[in-house]
Amino acid sequence: MCRVVDLQQAVLAKNTSAAQTLRTALAARGTAVVNLLSSPGSGKTALLERELGLARERGVPVAALTADLATENDATRLARSGVPVKQVLTDGLCHLEAHMLGRHLDGWLPDGTRLLFVENVGNLVCPASYDLGESLRIVLASVTEGEDKPLKYPTAFGLAHLVVVTKTDIAGAAAFDEAAFRANVRQVNPGVEVLLTSARTGEGVGALLDRAVAVAEGAPVHVPVMAGRQPAHAHGHGGHEHGHTGGAAGADTGRPRSATAPTR
Amino acid sequence: MHEMSIAVAVVAQVEEAAASAGAAAVTEVRLRVGELAGVVPDALAFCFELACADTLLAGAALAAEPVPGRARCGACTAEWPTGMPPLLVCPDCDRAGDVALLAGRELEIAGARFEDPPGQDPAPTREPIVEEH
Ligand SMILES: Nc1nc2c(ncn2[C@@H]2O[C@H](COP(=O)(O)OP(=O)(O)OP(=O)(O)O)[C@@H](O)[C@H]2O)c(=O)[nH]1
Ligand SMILES: [Mg+2]
Ligand SMILES: [Zn+2]
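So the protein sequences, as listed, match chains W and P.
For the first sequence, the numbering used here gives the first residue as 100, with consecutive numbering after it.
For the second sequence, the numbering used here gives the first residue as 110, with consecutive numbering after it.
Don't take every hint at face value.
What the hints assert, rightly or not - Computed list of lysine to any residue pairs in SDA-like fashion (alpha-carbon distance at most 25 angstroms, straight line):
no. : chain 1 : residue 1 : chain 2 : residue 2
1   : W       : Lys251    : W       : Ala282
2   : W       : Lys113    : P       : Thr136
3   : W       : Lys185    : W       : Arg213
4   : W       : Lys113    : P       : Leu196
5   : W       : Lys251    : W       : Pro139
6   : W       : Lys113    : P       : Glu188
7   : W       : Lys113    : P       : Ala172
8   : W       : Lys113    : W       : Ser180
What the hints assert, rightly or not - Which stretches of chain W does chain P cover? Using the computed rule of at least three CB atoms under 8 angstroms from a CB of chain P, they are:
no. : segment
9   : 100-109
10  : 161-175
11  : 285-292
Source of the hints: derived by calculation from the structure; they are not laboratory data.
Built from N, CA and C at the ideal position, the CB exists for glycine as well.
Model the full assembly from the supplied sequences, consistent with the hints where possible.
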């Protein structure tokens, strides 16, 4: 005897609800998570070192958690900024999941932390599918990686709240075509802001911190098309495509902040 | 390779449903996988087989129904297949302020085929059953 049953369950439902729970719990403590995604070596740690240093100078309470398959090198580098830093070793897992992050924050995340930066495992495929309860998801690409990265990794770039170009100090040597990169980003995530940065020269370091602080203070974030804006929700957002500097455009304020929830 | 994590999640969810329905085994799992879900179907199939070992799903077949990406422009009402990599700017009016993704991000367990224990009446579970064979 066999029977065919109808289940209709989202595969990542568990992670999505764990992420939502974490987002709510952290919001109650006044903390916003910034999730950083990129290929290995794009310069996440180098940029983060600068952001943590600047946040400390400005008196913004920040902390950082970095996930790697192996070694504590990144945490050692980040700890030099003097802010609380934690290394998570994923034991071979290619991405962080919301419940893992929650577990690592228990008993560690200092009270009063405004921004928690999470450096995800260097990988543009897997981490893109997992909401960590972040308020701001940043996807980075360095000028040496080629302008077509956004098209090769559309899930990652398509779900970004903010796209960051790194290592602009060597853009000339790498013959980086900024216009082509921007056009490719627009194809998969129209309206998302692209911010140019260099950990070497400090370009964009202040602007990036401004964006993160604004989100922590409740500024609305960009809602990527891929994150599934439902047609029923359309309420006159014709042509606000260029108004998303720092997610400050007001058109999507009515939407829940969990912009990375998968479409159903 | 997060396909392993996804396969493990699928197996756990289906096994839970099968156990609570009193099934002895699961012979087939049907998934809906969107073109933009960020999952490689072949990798998922490979991982699924591994993840099924030593569970009620051992040896179960995986049927993954692909769901093409579709988007719609609210400004001019055009509708188009997104393709891969997806085009999420309107191909007709080149605007993007009111584009909605209609389909393509699905990663869902549609259903499964359960085997009942031999020589027993089917467990008296009602809700999820749609047809009997
Ligand atoms: N020229 C230049 N090099 C940079 C910059 N930022 C990082 N790098 C170099 O790029 C390499 C990788 O930088 P990391 O910060 O370790 O990159 P990551 O993304 O954290 O790498 P993983 O954690 O391994 O994924 C290092 O050799 C850095 O010195 C930059 O702004 N300019
Ligand atoms: Mg790093
Ligand atoms: Zn249009």
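Hint check results:
no.	hint	verdict
1	Lys251(W) to Ala282(W)	14 angstroms, holds
2	Lys113(W) to Thr136(P)	24 angstroms, holds
3	Lys185(W) to Arg213(W)	16 angstroms, holds
4	Lys113(W) to Leu196(P)	30 angstroms, violated
5	Lys251(W) to Pro139(W)	15 angstroms, holds
6	Lys113(W) to Glu188(P)	32 angstroms, violated
7	Lys113(W) to Ala172(P)	22 angstroms, holds
8	Lys113(W) to Ser180(W)	35 angstroms, violated
9	100-109	holds (count 10)
10	161-175	violated (count 0)
11	285-292	holds (count 6)
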